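In case you want the letters, here they are:
Number of protein chains: 2
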Amino acid sequence: MSISRNRIDVNRTKNARILIIEDDLDHQLLIKNALQQSFTGAEAVIKSTEQEAIHYLDECIQTGRRLPHFILLDLYLPEREDAWHTLKEIQNRSVEIGNIPVVVFSSSSHSEDISESYDRGATSYIVKPVGFTEWIDYFRTLKDYWWETAILPGNH
Amino acid sequence: MSISRNRIDVNRTKNARILIIEDDLDHQLLIKNALQQSFTGAEAVIKSTEQEAIHYLDECIQTGRRLPHFILLDLYLPEREDAWHTLKEIQNRSVEIGNIPVVVFSSSSHSEDISESYDRGATSYIVKPVGFTEWIDYFRTLKDYWWETAILPGNH
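Keeping their order, the protein sequence lines are chains Z and B. Mapping to UniProt numbering: the first sequence position 3 is 3, numbers consecutive. Mapping to UniProt numbering: the second sequence position 108 is 108, numbers consecutive.
Incorrect hints may have been included.
[Said to hold, decoys possible] 20 Å max Cα-Cα, derived SDA-like pairs, lysine to any residue:
no., chain 1, residue 1, chain 2, residue 2
1, Z, K88, B, N15
2, Z, K88, B, N99
3, Z, K14, B, S109
4, B, K88, Z, Q91
5, B, K88, Z, T123
6, B, K88, Z, R65
7, Z, K88, B, S111
8, Z, K88, B, G98
9, Z, K32, Z, I61
10, Z, K88, B, V95
11, B, K88, Z, F132
12, B, K88, B, Q51
13, B, K88, Z, S109
14, B, K32, B, D119
15, B, K88, Z, V95
16, B, K14, Z, S109
17, B, K88, Z, N99
18, B, K14, B, D24
19, Z, K88, B, D119
20, Z, K88, B, Q91
21, Z, K32, Z, F132
22, Z, K88, B, S109
23, Z, K88, B, T123
24, B, K14, B, H27
25, B, K88, Z, D119
26, Z, K14, B, I54
Hints in this document: simulated from the structure, not taken from any laboratory. Note that the coordinates shown come from a computational prediction; the quantities given were computed from them, not determined experimentally.
Extracted from the complex, chain Z is given alone in its bound form (with noise of 0.2 Å):
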């Protein structure tokens, strides 16, 4: 069965829901405005530890409330070490929530940050934003590709 993308479209960018694990809390505000200015509809969870955003998680599966389609994760939470572990545990806790796509994100262009986030796991890397403007044409980009070409898992 195949189905047209404009139908996909009209289905998938509603409801859209991010959850992004961000210490910082003036990059919490730029980040829920640029994507409220980029992606109507879609909605950012932002939790500031590894242990907040694993309690929503928890409680999405305990509630039966719709999980994040998509999780971003800062690098520096404020470690790396604290990234990897968070990582680990979304990737340990059910299937359902390991199978979210997690982005690690940081102003580090360091090759080991970049290839330690894909050895542990990471669906991508991305090079932090530096500015409004720049994270408004990354959330651009993240529909196109996440929401209007590809199909996210629970998204369907």
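Following the hints, put chain B in place on chain Z, whose structure we already have.
Leaving out everything else, chain B in the frame of chain Z:
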């Protein structure tokens, strides 16, 4: 260290190499032409079977040739089991090969095909574009996300 997006683009989209595993000869031609038209400088390496694809990846390692940055894997190759087996071989070959993102594509939009692709570690799932124009759109989006926004393993 942060680097500007524009500087990244120039370096990264040059010499992009995509391995496409697709058994239908008509689709192979369509995909190759669409890629050439929508992603200047990208090279499509097309293989028809698991055996050919794995042989190519092994040869890259043995001869020191650059690995592809990205893999597109047809789900019905001609059976799903062939694609699952290919995916597993890629994941278990070596860390370097196993880290290459594998996007599963298929004319099917069945929930179980989508869920199982993610369960088995596919990076993402796309419903196969229906024609040449749709393939061009797809490759443009692919380039925007994976080459111009994210950083792929082995491309930094």
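Legend entry - Pairwise hint evaluation, D119 (chain Z) against K88 (chain B), where the allowed Cα distance is 20 Å at most: Roughly 16 Å separates the two Cα atoms, so the pair holds.
Inset, instruction - Measure nothing beyond the straight line between the CA atoms of K88 (chain Z) and G98 (chain B); if it is 20 Å or shorter, mark the hint as holding. - result: The hint holds at about 18 Å.
Inset, instruction - Would you check the hint for K32 (chain Z) and I61 (chain Z), treating anything up to 20 Å between C-alpha atoms as holding? - result: Roughly 24 Å separates the two Cα atoms, so the pair is violated.
Inset, instruction - Measure nothing beyond the straight line between the CA atoms of K88 (chain B) and T123 (chain Z); if it is 20 Å or shorter, mark the hint as holding. - result: Roughly 17 Å between the alpha carbons, so the hint for K88 (chain B) and T123 (chain Z) holds.
Inset, instruction - For the pair supplied as a hint, K88 (chain Z) and S111 (chain B), confirm whether the alpha-carbon distance does not exceed 20 Å. - result: Judged against 20 Å, a Cα distance of about 26 Å means the pair is violated.
Inset, instruction - Measure nothing beyond the straight line between the CA atoms of K88 (chain Z) and T123 (chain B); if it is 20 Å or shorter, mark the hint as holding. - result: holds (17 Å)
Legend entry - 20 Å limit on alpha-carbon distance, applied to hinted pair K88 (chain B) and V95 (chain Z): holds (18 Å)
Legend entry - Given hint D119 (chain B) paired with K32 (chain B) - CA-CA distance at most 20 Å: Roughly 29 Å between the alpha carbons, so the hint for K32 (chain B) and D119 (chain B) is violated.
Inset, instruction - Sort out whether V95 (chain B) lies within 20 Å of K88 (chain Z), counting only the CA atoms. - result: holds (18 Å)
Legend entry - Given pair status - S109 (chain Z), K14 (chain B), alpha carbons within 20 Å: With Cα atoms ~18 Å apart, K14 (chain B) and S109 (chain Z) stay inside 20 Å; holds.
Inset, instruction - For the pair supplied as a hint, K88 (chain B) and N99 (chain Z), confirm whether the alpha-carbon distance does not exceed 20 Å. - result: holds (16 Å)
Inset, instruction - Assess, step by step, whether the Cα of K32 (chain Z) is no farther than 20 Å from the Cα of F132 (chain Z), and give holds or violated. - result: holds (10 Å)
Hints 1, 6, 7, 9, 11, 13, 14, 18, 22, 24, 26 from the earlier list are contradicted by this structure; the remaining hints agree with it.
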